[in-house]
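Participant: To convert, take the position in the sequence shown, counting from 1, and add 17; that gives the numbering used here.
Since the hints were made in silico from the structure, they are not lab data. Owing to the predicted nature of the structure, the values given are computational and were not obtained by experimental measurement. Hints are supplied without guarantee of correctness; some may be wrong.
When the alpha-carbon atoms are kept at most 27 Å apart in a straight line, the in silico BS3-like pairs for lysine-lysine are as follows [unchecked claim]:
id, residue 1, residue 2
1, K124, K153
2, K34, K239
3, K153, K142
4, K34, K93
5, K93, K153
6, K239, K124
7, K153, K193
8, K193, K142
9, K34, K153
10, K93, K239
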Amino acid sequence: MSESPDYAQSILHGDWKLDGKVAFVTGAGGAIGQAICVALAEAGASVHCADLRAEAATETAALVGGIPVALNVSDKDAVFAAVARAAASDGLHIMCNIAGIAGRSQKVVDLEEQGFDEMFAVHFKGVLYGCQAAMKVMRPAGQGAIINMSSEAIDIAPATIASYAVAKASISMLTKILASEVADCGVRANAVAPSFIPSELSLTRYRDAQARERYLDWWRAKSPLGELCAVEDVAAQVLYLASDASSFITGQTLRANGGMSMPW
């Protein structure tokens, strides 16, 4: 009789490791993207850190011992070329489409075409191009994990940010469809939908310390856990989806939101 495998040891010491794997992360210069690069690198992956801002890409790459890539994700040819270069030596095992922009506060009736197009150019087309470029490498190799960045906005229908919420919802649906199309070639596709994350960018309009704290308290109250989402929470979800620990997970959007979108 063969011995039973030690599943706990496998999970703790093997399935979460990314040794020898190559990852490509867009939006690597932002707070979330950088935290993801750190998590992947600490798990053993070689990380290509892509960002529209070359200096931000370089900063993150230096932090994790990775490779900086200046990249506009809305430029299809540039995305395909950058991913192909990253995969040229050792292939591509993990593709993280994280790049995004903040949306203007507008009601549906006031949506302007230019702003809507800019939002979709980054959030939908940028993710689509990243998925397509990754598939050119992953499909022939018969393996790979694609992780896209969605948002809690897909569940709560927030007023005044329609273009952002709709763009993020399109990412979750794209992820599900992609997962169904590529499962037969050993590739998994998932998304992460975090809630509001405090940062200098997200709190720009709250200069007054008391007003800022009231705003943060409002967000805390929305969560059954009474806590705010942190970039490390998102990075942990991405690491899980990138690793073999999630080998039976595909087509999912993981809600890193402290329970904010639970059906009541």
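Participant: Evaluate each hint against the coordinates.
Facilitator: Structure-based check of all given hints:
no.: 1; hint: K124 / K153; in the structure: 39 Å, violated
no.: 2; hint: K34 / K239; in the structure: 34 Å, violated
no.: 3; hint: K153 / K142; in the structure: 17 Å, holds
no.: 4; hint: K34 / K93; in the structure: 31 Å, violated
no.: 5; hint: K93 / K153; in the structure: 13 Å, holds
no.: 6; hint: K239 / K124; in the structure: 22 Å, holds
no.: 7; hint: K153 / K193; in the structure: 18 Å, holds
no.: 8; hint: K193 / K142; in the structure: 16 Å, holds
no.: 9; hint: K34 / K153; in the structure: 24 Å, holds
no.: 10; hint: K93 / K239; in the structure: 38 Å, violated
Violated hints, in rising order: 1, 2, 4, 10; the structure is consistent with all others.
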